[in-house]
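J.: The residues making up each chain are set out below.
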Amino acid sequence: AQSVTQLDSQVPVFEEAPVELRCNYSSSVSVYLFWYVQYPNQGLQLLLKYLSGSTLVKGINGFEAEFNKSQTSFHLRKPSVHISDTAEYFCAVSDLMNYGGSQGNLIFGKGTKLSVKP
Amino acid sequence: GAGVSQSPRYKVAKRGQDVALRCDPISGHVSLFWYQQALGQGPEFLTYFQNEAQLDKSGLPSDRFFAERPEGSVSTLKIQRTQQEDSAVYLCASSLGPRTSYEQYFGPGTRLTVT
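In order, the protein sequences belong to chains F and V.
Count the first sequence with my numbering and you get residues 1150 to 1267, in order.
Count the second sequence with my numbering and you get residues 17 to 131, in order.
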């Protein structure tokens, strides 16, 4: 069974500071990895995804993440945050074996609330 | 183009009432997923449709939960005899098809409060 652990439930940071949101996963098979952002009263928006290839993935809004297979991690980073980045961020995995079949449902972590202060 | 839409956005139900939550996926999307997001938690998978076929309902928490997608487009999640533990945000997501199920587009969700 797969699982996703987001190590920090809340991350406060000042505007223009760098931020890292941590994500670790467990899976017995290869997976696809994702980061989603959720603004208040809105649905989930895909920030970036890792499917294969380069382990450094760039996404929207200046975010990037690095896939580390040996540490089973997929941490999200941004070198300089803005007030508008305040939101909840979810890390998710999709089982490649299921993907190759008929499904591909996502397994999410519990989320990290990023609070950017002026 | 239009994204995934869900209605109603908010629903308050008294315990024991039945509710129906609607999802309009992106036109042409074959795959449709329902997730349940409890307060302070990440979304959890409920069920999956490929066109009109419900291929996986392993995440439905009880037999009070029922989902359908009769014509392969609009989907309805029905909860019978609602309980307080059903209070959550219900998210719908769609994708082009099984080969691109990782590229899921989410609706805004329906927040269900059972009193």
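Treat the hints as calculated values from the structure; they're not laboratory data.
Incorrect hints may have been included.
What the hints assert, rightly or not - Below are the DSS-like pairs computed for lysine-lysine, each with C-alpha atoms no more than 30 Å apart in a straight line:
(1) F:1198 <-> V:30
(2) F:1259 <-> V:30
(3) F:1259 <-> V:94
(4) V:27 <-> F:1262
(5) V:30 <-> V:73
(6) V:27 <-> F:1218
(7) F:1266 <-> V:30
(8) F:1198 <-> F:1266
Quantities reported herein were computed from a predicted structural model and do not represent experimental measurements.
J.: Going through the numbered hints above, which ones does this structure break? Give me the numbers in ascending order.
T.: Of the numbered hints, 1, 6 and 7 do not hold.
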